[in-house]
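6 protein chains.
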Amino acid sequence: MCFAVFVNGRFCKDAKLANADDFYASGFNVSGMPTPTNLGFSVNALNVNRMPGLNTLGISMARADLEPFGLISPHIHPRATELILVLEGTIYVGFVVPDTRNPFKSRLFDKILHPGDAFVIPQSMVHIQYNMGTTNATHLSSFNSQNPGVHMIPYQLFGSNPPILDDVLVKGFQLDKKVIEHLRAQFS
Amino acid sequence: MCFAVFVNGRFCKDAKLANADDFYASGFNVSGMPTPTNLGFSVNALNVNRMPGLNTLGISMARADLEPFGLISPHIHPRATELILVLEGTIYVGFVVPDTRNPFKSRLFDKILHPGDAFVIPQSMVHIQYNMGTTNATHLSSFNSQNPGVHMIPYQLFGSNPPILDDVLVKGFQLDKKVIEHLRAQFS
Amino acid sequence: MCFAVFVNGRFCKDAKLANADDFYASGFNVSGMPTPTNLGFSVNALNVNRMPGLNTLGISMARADLEPFGLISPHIHPRATELILVLEGTIYVGFVVPDTRNPFKSRLFDKILHPGDAFVIPQSMVHIQYNMGTTNATHLSSFNSQNPGVHMIPYQLFGSNPPILDDVLVKGFQLDKKVIEHLRAQFS
Amino acid sequence: MCFAVFVNGRFCKDAKLANADDFYASGFNVSGMPTPTNLGFSVNALNVNRMPGLNTLGISMARADLEPFGLISPHIHPRATELILVLEGTIYVGFVVPDTRNPFKSRLFDKILHPGDAFVIPQSMVHIQYNMGTTNATHLSSFNSQNPGVHMIPYQLFGSNPPILDDVLVKGFQLDKKVIEHLRAQFS
Amino acid sequence: MCFAVFVNGRFCKDAKLANADDFYASGFNVSGMPTPTNLGFSVNALNVNRMPGLNTLGISMARADLEPFGLISPHIHPRATELILVLEGTIYVGFVVPDTRNPFKSRLFDKILHPGDAFVIPQSMVHIQYNMGTTNATHLSSFNSQNPGVHMIPYQLFGSNPPILDDVLVKGFQLDKKVIEHLRAQFS
Amino acid sequence: MCFAVFVNGRFCKDAKLANADDFYASGFNVSGMPTPTNLGFSVNALNVNRMPGLNTLGISMARADLEPFGLISPHIHPRATELILVLEGTIYVGFVVPDTRNPFKSRLFDKILHPGDAFVIPQSMVHIQYNMGTTNATHLSSFNSQNPGVHMIPYQLFGSNPPILDDVLVKGFQLDKKVIEHLRAQFS
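Residue numbers (full-length UniProt numbering), protein chains in the order written: chain L, 1 to 188; chain R, 1 to 188; chain U, 1 to 188; chain Z, 1 to 188; chain X, 1 to 188; chain G, 1 to 188.
Among these hints, one or two may not hold up.
As the list claims (entries may be wrong) - Derived pair list, reagent style DSS-like, types lysine-lysine, alpha-carbon separation capped at 25 Å:
hint: 1; chain 1: L; residue 1: Lys-171; chain 2: G; residue 2: Lys-105
hint: 2; chain 1: R; residue 1: Lys-171; chain 2: R; residue 2: Lys-105
hint: 3; chain 1: U; residue 1: Lys-105; chain 2: R; residue 2: Lys-171
hint: 4; chain 1: L; residue 1: Lys-177; chain 2: G; residue 2: Lys-177
hint: 5; chain 1: U; residue 1: Lys-111; chain 2: R; residue 2: Lys-177
hint: 6; chain 1: R; residue 1: Lys-178; chain 2: U; residue 2: Lys-178
hint: 7; chain 1: R; residue 1: Lys-178; chain 2: U; residue 2: Lys-171
hint: 8; chain 1: Z; residue 1: Lys-105; chain 2: X; residue 2: Lys-171
Derived from the structure by calculation, the hints contain no laboratory data.
Full structure from sequences and hints, please.
Rendered as structure tokens:
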């Protein structure tokens, strides 16, 4: 539903046809489906597919559950800042800040978070979340976009279809072609 | 801290001087200070005062705790959409949707929320949160502004300094001047 | 008509099919239809229904006429700042400014306006216009949105369909249920 | 005054120090100072210099008075759409619409306006207002910018300091250098 | 293709159906078609018609080739800033800057550019490019809009259909009607 | 220089003090300084440091020169779309497009570019440029931000200060700690 200007693509209900259910979603007290990886995390995403009324509102949310040593591998959200709040467990978070005058240098801003701690990841910054503890950990993430997007860096670099050229990856990462093949096997 | 263009007013640290603490805040596993009212709620707000790095990032958060029958009275957020997630208890939420062709008519979109339920309040809509249950209730709210603002309607109408003219309130609410005086006594 | 990117929902004419009539509207030298209330005002709105070319242009206008003691009751425009210019009569205007550090406190910025006086109401602020004089009064209002919206507070609080819960209104306004019933009778 | 983020450059009062006078201006029931030209019009502009509270609000206004055969010569507003309302007299308005596929072709959208008529000029379109009648004419203009800007085309082309190269003007307008000199004498 | 919200009007491919060709265009190593004028320039424009993937991305480009003494006559781009880079030849560029306090006065910012020189024209400023040399000249222009638009001032003023009123042009430019007729003959 | 609202941080000259030099820069007909790496490319960036007038204008540019087999390793621009135009040589370009429904899958959109070919990289997409040929290659890049930013992925992942935790990199890339050490040695 859009109160201002109607927008197409995603359906944009006439306000007269909308009702409270369009602004409601449930099921965020439990974890989402495990991801099809061995990384040990799952995401339960609250987006426009679950709550149609979010369309055009510029906000969304997700719940992430991490097993002990579970990792959300290095990734970026190209269209949103992420505000993290830890509900349970111990989560290590960090994002990489480029040196504005030398793109080959950067700093890591990282922190160990406990329940009730919050951390913010500015839009498009490379970041990770990692469960350092021996018990499950859960955090909520708010995004200031209805569609933040997610670019999982290792999967994008080594698992794309078609693959990035061998020469590019060998030179870009200064790794043997054999290691590149190993990486491709992991992430395709 | 601002990655793009530096902005004044709120301090805007040079990226070189910022560190991880600027992006961190804690203490959201407990309720905030009770409000100086008899409404039975408290708010623990995560904003730029608690987390300097939020400056210019366009996002913030709050935790609200409601005692049994606690009420966040009718209010609006003039600069943000609010996405609510219930952590504990039973919370009745609702917002008022104007009829776009007749401003004297409107619909209420309301819902009773349980833990794990979410509800979204579009920017500037009049809304309320009410603990219908006999136990404490807690929800998180995300906002897509670093400074959503809050206009508590009864306090704004009947408690402003100086007060809104008697004649305006008497006519506007079709109430005796005596009732207006009673309202002013409550909300000033 | 849209010069930049075509936008759907509201029709968006191809520039080739548009003509001068799309950018023209008339009839703002007289008052609009009286509102179906006893408040004593009428609005003559210049919006995209009257002038199709306004679509996507981010501006609109209205002429308001107030009988003696006519009142535009407390309301907000959720999507626009309003710039008022008095053409005739004496109009009392005011808007409520929240204390940014204490949402239970607020100030009223008010003024008595005569012909040629202007006043601005920032977006989403609760405000009123009131004809203090014994003759008709007229003002123009400009808005920086093609669809500013209007939330008439008393009608939204006490006249929505379905109604806001009794308990919420009784507690929120500290009024007897009988007074709430009276208010509902006035504004439904 | 800025309710959201403080912005510098133009002063941006802390909300605590602002008062109703910051949102008020007067004197728009009379014409402004005549312009230092023989074009026969004057402008009374309501901008941030007259009303400090406009700062950051994205709106402004002007009253224009045209003598009989007074002309606001071809101009553009680079940062705002203009919504015109005629208060008195007969005003011819028009703007030029480029053919999106051939920049050497364009259409004129024009109209003769009477009191109560409105016309909208999309941002940055070349336009003129002309008093076709034998009596004074007045219109109000609303702008969706606090600083719409105005580029008077003849004065910019033929009166800039330093002047645009002779060859450029001779070739650009296919006029004798003598005519260019005449134009410069008029508009410098 | 649109990664964020789908937008209609221009087609907006589902990301699943897009491919590399949508983001590719060729042929900018040669000049575009000569314009149907005697001004001596041609434009080779890289826009959404040549590269469908540009849709919603807010950027475009053009290559301009100027014969000796070729002139891009005074014009504005209503929706983009233009960043010019000279590849070959000697190009005189200039834009007109209004005096913010007196719209009848303005300054010209101009420069003679050689290969490797860059110049920026802020959005909606009247500007010209002129080949001062005796050899061909070429520049690239980047725009921060997918659809910058172009208003060729002489063609808009003297070649519109229908024409701007005689009286308006005579008075606006302080020229004899005969000269206006001459101008119309050149630019229609 | 800022025509609209003055903005601080970067200096924002009063228009009265600006002159043509603020909008001019030179030296883009030659390559920039080689980067302090063995990647074989250099960048000559046209930004606000070289052209002060770019401030607030939302546009910038860069010239990139690649030696044979030179590579701009995987990187993103967090604040701008990049429009590439090849001036000389043969350049392989590609960006990775996430599957919007499965973040562990992605497609590569790639292309071999020759002089006169253009390619666009949407904001924040991981991409590479690679000189496939045996001669030098040069491309221009336009950005729709005055400060696009650049995140060199390998340098951010393996060269940050302090480093990202061993466990995170080992698990995130499924590589031996020894290989991680090798990577760190390359990119720190």
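Each hint, compared with the structure:
1. L:Lys-171 <-> G:Lys-105: holds, 23 Å
2. R:Lys-171 <-> R:Lys-105: Given that 25 Å is the threshold and the Cα spacing comes to 18 Å, the pair holds.
3. U:Lys-105 <-> R:Lys-171: Judged against 25 Å, a Cα distance of about 23 Å means the pair holds.
4. L:Lys-177 <-> G:Lys-177: Satisfied, since the Cα-Cα distance of roughly 18 Å is no more than 25 Å.
5. U:Lys-111 <-> R:Lys-177: Between U:Lys-111 and R:Lys-177 the Cα gap is close to 22 Å, so the pair holds against 25 Å.
6. R:Lys-178 <-> U:Lys-178: holds, 15 Å
7. R:Lys-178 <-> U:Lys-171: Judged against 25 Å, a Cα distance of about 19 Å means the pair holds.
8. Z:Lys-105 <-> X:Lys-171: Roughly 23 Å separates the two Cα atoms, so the pair holds.
When held up to the earlier numbered hints, the structure conflicts with none and fits them all.
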